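Q: Sequence:
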Amino acid sequence: MLSILLGPHESGSHPWHQAERGEIAVSAIQEGLQPWATAHGVHLVGNEIEALMAPGQYSVITPMLDKVSELRKRGYATGLLTNSFAEFRPTMQRDLRFEDFSAVVESFAIGARKPEPAIYEATAQMLQVQHSEILYLDDFPQNIAMARTFSWTTIEVRDPLVALAEIDSFLPD
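The letter at position 69 of the sequence shown is residue 68 when you use numbering that gives the first Met the number 0, and the numbering goes up by one with no holes.
If you're looking for bench data, these hints aren't it; they were derived computationally from the structure.
Predicted model only: the values in this text are computed from it and were never measured.
Treat the hints with caution; some may be incorrect.
Said to hold, decoys possible - Between beta-carbon pairs, the in silico distance windows are:
id: 1; residue 1: S131; residue 2: H39; range: 26 to 34 angstroms
id: 2; residue 1: S150; residue 2: G40; range: 39 to 47 angstroms
id: 3; residue 1: S150; residue 2: K72; range: 20 to 28 angstroms
id: 4; residue 1: T61; residue 2: G110; range: 27 to 35 angstroms
id: 5; residue 1: V41; residue 2: A144; range: 25 to 33 angstroms
id: 6; residue 1: H39; residue 2: A144; range: 19 to 27 angstroms
id: 7; residue 1: A144; residue 2: A27; range: 26 to 34 angstroms
id: 8; residue 1: Q129; residue 2: P159; range: 42 to 50 angstroms
id: 9; residue 1: S101; residue 2: P159; range: 46 to 54 angstroms
id: 10; residue 1: F139; residue 2: A36; range: 18 to 26 angstroms
id: 11; residue 1: L1; residue 2: P116; range: 23 to 31 angstroms
id: 12; residue 1: A27; residue 2: L170; range: 25 to 33 angstroms
Even for Gly, the Cβ is constructed at its ideal location relative to N, Cα and C.
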């Protein structure tokens, strides 16, 4: 069911992807899903996107945010690269401590979503660093694969606390 609601991992014309690129409002996703659901023999009741966006549907990993704050204080440029919606920005800004990030790169603002190349280009520009200077963490292999094409060093996050411990091994002493 999630693959119907969120679309394939690769970018395309799925309504969720369109909203992440800022092409349509979140309120238009549900209606746009109908052809996708029909093609897969799935009946939608009409509140699926509302349920996905409800409070409690994602979790904040506080130790990761603490690490971002620590790295920023140590002089590193820190970035948040996210596929998200304009309508969700106030929630993210409240929950993710945007002030700890040197750059917040949001798909809806850029007009591109991970794993589309343009959002990786925008990230390096907004951070004002070379691609080869970026250490990038993500939990989706297709996003990691694209980052590597830009010579980013990557950590694929399977367990956030394990990934957190890996960060320092990539940084100079």
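Q: Please name the hints from earlier in the document that this structure breaks, with their numbers sorted from lowest to highest.
A: 1, 8, 9, 12
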